[in-house]
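Engineer: Residue numbers (this note's numbering): 8 to 58.
These aren't lab readings, by the way, just hints derived from the structure by calculation.
Just so you know, these numbers come straight off a predicted model, no measurement behind them.
Keep in mind that a hint or two might mislead.
[Unchecked claim] Distance windows between CB atoms, simulated: (1) 45 with 19: 39 to 47 Å; (2) 57 with 19: 24 to 32 Å; (3) 18 with 44: 19 to 27 Å; (4) 13 with 42: 19 to 27 Å; (5) 18 with 50: 17 to 25 Å; (6) 27 with 57: 32 to 40 Å; (7) 39 with 11: 30 to 38 Å.
We put the CB at the ideal spot given by N, CA and C, even for glycine.
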Amino acid sequence: MSDTVKHVLDETRLPEAWYNLAADLPEPPPPVLHPGTGQPVGPDDLAPLFP
Numbered sequence: 008m009s010d011t012v013k014h015v016l017d018e019t020r021l022p023e024a025w026y027n028l029a030a031d032l033p034e035p036p037p038p039v040l041h042p043g044t045g046q047p048v049g050p051d052d053l054a055p056l057f058p
């Protein structure tokens with residue numbers, strides 16, 4: 008494995024805008040899969056992240 012490289016930007020160099028690449032794809036990306044079950048992630052799976 009390669010070593011992890013951490014890039015730290017000061018506040019003046021942080022991006023101020025982002026581009027949503029998924030909006031321009033010819034078809035939607037596949038659903039996010041739960042790593043334990045291999046099934047598409049549902050709201051209940053995300054609940055611990057958004058209390």
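Engineer: Indicate, hint by hint, whether the structure satisfies it.
Structural biologist: Status of the hints after comparison with the structure:
no.	hint	result
1	45 with 19: 39 to 47 Å	holds (43 Å)
2	57 with 19: 24 to 32 Å	holds (31 Å)
3	18 with 44: 19 to 27 Å	violated (40 Å)
4	13 with 42: 19 to 27 Å	holds (24 Å)
5	18 with 50: 17 to 25 Å	violated (34 Å)
6	27 with 57: 32 to 40 Å	violated (20 Å)
7	39 with 11: 30 to 38 Å	violated (23 Å)
Going through the hint list in order, the structure does not satisfy hints 3, 5, 6 and 7.
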